[in-house]
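Undergrad: As they're listed, the protein sequences go chains W and X. If you read the first sequence in our numbering, its first letter stands for residue 1, the second for the next number, and so on. If you read the second sequence in our numbering, its first letter stands for residue 1001, the second for the next number, and so on.
No lab work stands behind these hints: they were computed from the structure. In this text the structure is predicted, and so the values were computed from the model without any measurement. Please note that a few of the clues may not be correct.
As the list claims (entries may be wrong) - Pairs of lysine to aspartate or glutamate residues, derived as DMTMM-like cross-links and limited to a Cα-Cα distance of at most 20 angstroms, are as follows:
1) K156/W with D146/W
2) K347/W with E25/W
3) K156/W with D185/W
4) K1111/X with E102/W
5) K1110/X with E102/W
6) K1058/X with E1042/X
7) K1110/X with E32/W
8) K156/W with D228/W
9) K347/W with E94/W
10) K1110/X with E433/W
11) K1037/X with E1053/X
12) K347/W with D146/W
13) K1111/X with E131/W
14) K1058/X with D1115/X
15) K1111/X with D228/W
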Amino acid sequence: MLFSMNAIVPLACVTAAALAAMVAEAFRTPGERMPIAPLGLIGLVAAGIATVLLWGHGYVSFNVVAGDDFGLFVTGVLVVIGLLTIAFSPATIEREQLPAGEYYALTLFAIAGMILMAQATDLLVIFLALEVLSLSVYVLTGIRRDSRAASEASFKYFLLGAFSSAFFLYGIALTYALTGSTHLDRVGQLIAGHTFGSGAMETFAVGLLAVGFAFKVSAVPFHMWAPDAYEGAPPVVTGFMATGVKAAAFAAFVRVFMSAFGPLSAIWVPVLWGLAVATMILGTVVGVMQTNVKRLLAYSSIAHAGYLLVGMVSANAVGRAAVLFYLLAYGVTNVGAFGVLALLESKDRPNDELRDLAGLWNVRPGLAALMTVFLLSLGGFPPLAGFIGKWFIFTAAIQSGYYGLAIIGVLTSVVSVFFYLRIVVMMYMTEPEPGRAPLSAPIVPRLAGAALGLATIVVFYLGILPTQLIDLATQSVARIF
Amino acid sequence: MQGWLSIVLMIALGAAFAVGSVVLSGLFGPRRPTPEKEAPYECGVPPVGDARERMSVKFYLVAMIFLLFDIEVAFLYPWALSLRDLGWTGFVQIVVFMLILLAGYAYVWKKGALDWGKERA
């Protein structure tokens, strides 16, 4: 019995920490300070250790949760994202007077849902995980209850998310109607065994599931919620949403479409091709016009979803490994960028307009330098993580003969450099507007500083010595697909 | 397509009968309204106000908590019926499930979601 439980150990660690945080909050006397953040960190570190120990064993629990290397790689990415997020959180919680226990419990529950989503091999379990993570993130988006923008963001996200869940569920129902199973392996076998054409039912099943996933990864035209939700949420939560949700959703997206719907690739490759092109172009072009840094990064994260879709469309071994590597590179970089924004926020103003960052170099040279590193990595400058990620993705596209996609991808990422550099120019070369109070210089807490340092090291490490991680990513997709 | 024709026919006839009855009785029926006839229900308790009133958010909270613990029972019955087949594995699993729910219950209780009357600051 214990043997079969192995694959869910990382999930169980995070869930236990979440439950502990929740109960601790309930039994806290008002005003008492509790070390709930360290509790979350311990849970995540335990999950990380479990992930490392399970690597290569390929345990399966309950026949629906796979501890295969693919799932474990994404679990590792999620653990890193979670650790960074929790390390950045205390400052925000302190300033906004957020309920600490609920905040950490929801974050940890969301991470548990993400881990389950990355490891699930049954459509119904994927749906369950999707709901666990979505519901937690909806609440986290609106956790600043007295802010109208936050409530609006949360409500929009919730309504559209509920819609997309319905699409997703209907896709599962049609898949079940088609094959009589919701287990991915079984569905894959049955589809491969039959000579299904591109009949209406197959098209609908694949299409509806694609809509559900595309919504979660904020691919155009299902991205409408993203800028508003990202702007309304506190920056730490935005960073978490933009990376964690995307990583989990892409993991399940790749797993479902490559394993179960692999034989139907004639149906979904053109669809994802269109999604990828639209997502890259719109994310970049609209991003150029933004004056709010959070919205700008929201559109940037939409564009990044487009690059990830390119990796999926390539549908070869390199593409799958590239998606995994990109999720890690993008995740660490983006959490870092939002972490800097979170540290710049002050009580009286959010400091998220572009002009708020003017002259940051003079006030906070350290934060300005780190932000520059993260932004350049997002833009794909060598020798940073983002460059290797993009290079890897476009290599995959070219190997599969999608020259058009690769060209569009390179062009849009050149354009996107414009708005990343715009922030850098603002920080270094622009004087603060006269008449506007200069940026106050908040003290960087030690934990957040350590997290920023760690993120920077990872960004440089992935950019300069990527071989090890590329090998790991390649190994982990080689064994299951 | 042949098999569907009868269903389409049935739907069409059903709709025609329903719509037809309402339209015809509206056209030809005598209309002598009294207050009793105008009421939503001719028999039963007289209505006391509009149905679309604003409800206290507490009702939603209770409904939500009820749903959660209702689901618990939906799991417990099938488990109890197949207790012998599931053995200790099933027992441990249901205990873990109950413990997780219990944590939620403790949270809800301590947070005061079950206190109906007390005004919370």
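Undergrad: I'd like to know which numbered hints this structure contradicts. Please list them from smallest to largest.
TA: The structure conflicts with hints 2, 3, 6, 10, 11, 13, 15, although it agrees with all the remaining ones.
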